[in-house]
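Taken in order, these protein sequences are the chains called A and B.
Taking my numbering, I'd label the letters of the first sequence as residues 1 to 345.
Taking my numbering, I'd label the letters of the second sequence as residues 346 to 815.
Keep in mind the hints are simulated off the structure, nothing from the lab.
Among the hints, a few may not be true.
[Unchecked claim] Computed list of lysine-lysine pairs in DSBU-like fashion (alpha-carbon distance at most 30 Å, straight line):
id, chain 1, residue 1, chain 2, residue 2
1, A, 74, B, 762
2, B, 637, A, 47
3, B, 637, A, 269
4, B, 389, B, 637
5, A, 269, B, 643
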Amino acid sequence: MIDNELLLLAVLSVSIFSMLVLLLSYLTVRKSVDIRKRKSIESYKEKYNPLIFSMLSEGLLSRELTPETPLQFKAIEELLSRYAKVLEGKEEKERLFQLASMYLTDRYQKQLMSKKWSTRMNTLYHIEDFQMIQLAEEVRRLAGRRRISHEELLHALRILALAQHPDLFALLTGEFVQLSELDLRNILVHVNAKQFDQLLLHFHKSHTPLKKAILDVISIRKEVSYLTFVENIFASYQGEVRLRAIKALAEIGYVEDAAPYLQFLYSQKWEERMMAAKLMGSLREAPAIPRLIELLHDQSWWVRSQAGQAIAQFANGKEILQAVLDESSDPFAKDMAWEWLYKGV
Amino acid sequence: MVNFIWGNVTTIFVWFIAIYMAVVIVFYSVIMLISFLQLRKDYKLDRVLAYEDYLDEFYTKPVSIIVPAYNEEAGIIQSVRSLLSINYPTFEIIVVNDGSTDGTLEKMLAQYQMKEIKKAVRIQVETKPIKHIYQSEVLPNLFLIDKENGGKADALNVGLNFSHFPYFCSLDGDSVLEQDAFLKVMKPIIDSNEEVIASGGSVRIANGCQIQNGHVLSVGLSDKPMVVMQIIEYLRAFLMGRIGLSRHNLLLIISGAFGVFSKSWVIAAGGYRVDTVGEDMELVVRIHRLLKETGQKKKIVYVPDPVCWTEVPEDIKFLRRQRRRWHRGLFESLWHHRKLTFNPKYGSIGLISFPYFWIVEFFGPIVEAAGYVFMILCLFLGGVYLEFSILLFLLSCLYGSIFSMAAVLLEEWSLTKYPKVSDIIKLFLYSLTETIWYRPLTVFWRCEGVWQMLKGDTSWGEMTRKGVSE
C-alpha cells in the first residue's frame, strides 16, 4: 500500500517537474523572441521616423516607405500614434490621418475580424485616434454582432459618432437603450450639429439616461442656440432631468428671465440649491446675492462651495466674501468665504 | 508498541497533511485559472490608449490623496514630488504629519513654502486633535496637517475628515507611483458608473529598480536573495490571488500602499479602525459587511496593472517584524468579523472569502510548520515514512514553483516586465529554492506572530527606510 502511494507521489513529482521545465522553456523562448521583435521594431522606427516626419511637415509622399512585414507595420503604427498625441496643427493632423489610412486601412480591416478581443480593442482605439472614418462600415458591422463586449460596443459607437454614421441615431434610441448615461455622453460628444438636432427632436421619447446625456453634452458645448430648447425642458420636467437643465443653463450662462430659477435657491434638495447657486453666479443675478450669502451657511459642503464660487463671480464678490469672513460666527461659512477669496493664490 | 503508536499517529498526520495540501492546491488552482483567463483576454491590449480618454476633466472624478507620514524625513519630499507629477486632472494632496519626532514637518514646511491656514474641519470620524493646518503658497492643492501622534489609521482618518473630494486615496509615505496610477484605478469606478466603490492595483517592489525624482527609470531585479523571494511572493499574491478574487467580488484586501475608496462609503463604515495593525484589510472587510447588511450591490475591484512601487525590507530583522505584523493584522480582521465565517447571510464573502482566508492564509503557516516538524522527526525515526516524507518535501518544492512560475508568466502577459531572459531564469531558480529556506522562515515568523498575539503583545514593529529614490 505504501509502495503504491510512493509510486503515485513519484509520478506526481516527475510530471510536475516536466510541467515546470515546459513552462520555463516557453517563458524564456517567448522572452527572447519578444526582445528580438522589439529590437527590430525599434530599428525600423529609427529608419522610418525621418521619412514620416518629413511627410507630416511637408505633405509629400515618400516612395521609400513601403512596409511589408507585420513588424514594419507595427513600427509605422507606433510612430503615427506618437505623433497623433503631440501634433497640434490642423494641416499636420490631416496629413497624419491620411498617412494612417494609406498604410493601415487594410490591416485594420482584417484586425477588426480577429478572434482576439484585445486585437479588436486595440484596432478600435487606433481607428478612433487616427479618425479613420472610411472604416465606419466595418465598425458598424462589428457593432451589429450578437456577442460583443461592452467596451467594444462603446468604442464602435464612438467611431460611428465620429463618422456621423446614419445608423447611429437608430442604434442609440433602439437597439442599445441599455447604455449608461456616461457611455452615451462619451458617444454623443462626437456627434455633429445635424445629428444632434435629430436627437433633440426625439428628446421627449428618449429614455432618462439619454435625456441626461443630451443635456450634459449641451453643457459641454455651451451654445446659446440650444437655449430655448433647454428652457423648455426646464419648464416641462421634474427631478434629475430638470437639474441637468439648470446645469446646462449655468454653463450657457444666459436665460431670458431669471425669475423662475430664483425659487430653486430655496429648494428642499441640496442638488437643486447647488445648481441654482451655480446658475445665479454665471448669470450674475444681483437679486440672488442675499440668498447666496445665506447659502454659505448651508448644511451641504457642495452648496456652500458653489455659493462661494457664485458670489466670487460678481463684480463686488470679494467685498461680500470679506464681509462674511469678518462678521460671520459660523466657522463653515467663514471657511468657504476664505477659500473663495484666496483660491488659486 | 511505541512503533505501533508512532505508525498510527503518522498515518493520521500524513492523511491530514495530504488532504490539507489538496484543499489548498484546489483553491490556488481555481484562483489561478480565473486570473489566467482574465489576463489572457487583456493580453497585448494597448493600455496607454485605453486610459487616454480618462484624462479629460469632464469624465473623471476628483481625488484627495492622503499621505500619512510618521518619521518619513528621508522620503517624504520625494513622494510628494512624485505625486505632484501624476497624470490626473483634479486632485489634492494632504500630507498628515502624525506627530513625527524627526524633521518631517520642517522639511515639508520649507520645501513647499507652507503657510498656516484656518480651516473648519468637519469631524465625521473621531480622531486625535489637529494642531495646525498648512497650505502651500506655490501649490494650492497641497496641504499639510500637523496632528498629535495616533498611528497610521488615525492619520488617515484626519485626512478623511479634511479632504474635499468624493474619492480618496490612501498612500504609504515612501511609495513611488506610476504616472498613470490614478487613471488606472479610477477607470473601473468611472466605467461602472460608481457601482465600484473601491479599487486597488498591483504593488511592485522598488528594490533593484532605478528610481530618480520619484519616477521609475528602469525595472531591474535585485541581487539580494531576500528581495528576489519577495518579488516572487508579490507577483503570486497580486497577479494570481487578487485578480482571481476580485473577479467575483471576493477581495478582502486592498493594499495599504495604494488604494482608492469612495469617501462616503468609508465614512458610512466608520473610517479606519485605530486599534488594529491591519487597518487596510479591516476596512475592506467592514465595507463588504456593510454592503451585505444593507443589501447593496456595490463592488470592490482590483486592477492587474502595476500602480505603485514600494521598498521592501532587505534585512531579516525588519522582514521578520513585517511578517509577524501582517499575520496579526490578518487575524484581527478575521477574528473581529468572525461572525461572517460560513454565514450564508454574507453570501460569497462569508462562504468563500472568509473560509479561504482562515484556512489557507491564517492556518496555513501553522499546518506547514507542523509539516516541517514532522519531516524532521521522520528523518530521525526513519522507517517506511522516510521516503514518503522526502517525496512529500520534493512535491511541495515543485508545486510551489509551479505557482510561482505561473505568476511570472502572468506578469509577462501583463505590462511591466523584467527586461532580460536571465531575469526569468533567475526567478525560476530562486522559486525552486523557496521551500528550502524562505518558506520555512516566513512560516516560522508568522507562527511567531500568532504566538505574540496569544501573549498579548501589541507593539507595531517599525521599519527604517533608506529611501528608494536617488
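Check: Given the hint that residue 637 of chain B pairs with residue 269 of chain A, does the C-alpha gap stay at or below 30 Å?
Finding: Measuring from Cα to Cα gives roughly 28 Å; hence the hint holds.
Check: Is it true that the CA of residue 74 of chain A sits at most 30 Å from the CA of residue 762 of chain B?
Finding: Within the cut-off at roughly 20 Å; holds.
Notebook entry, point to check: Is it true that the CA of residue 269 of chain A sits at most 30 Å from the CA of residue 643 of chain B?
Noted result: Holds - the C-alpha atoms of residue 643 of chain B and residue 269 of chain A are around 25 Å apart, at most 30 Å.
Next item on the list: Sort out whether residue 637 of chain B lies within 30 Å of residue 389 of chain B, counting only the CA atoms.
Entry: Between residue 389 of chain B and residue 637 of chain B the Cα gap is close to 36 Å, so the pair fails against 30 Å, i.e. violated.
Check: Are the Cα positions of residue 637 of chain B and residue 47 of chain A separated by 30 Å at most?
Finding: Measuring from Cα to Cα gives roughly 59 Å; hence the hint is violated.
Going through the hint list in order, the structure does not satisfy hints 2 and 4.
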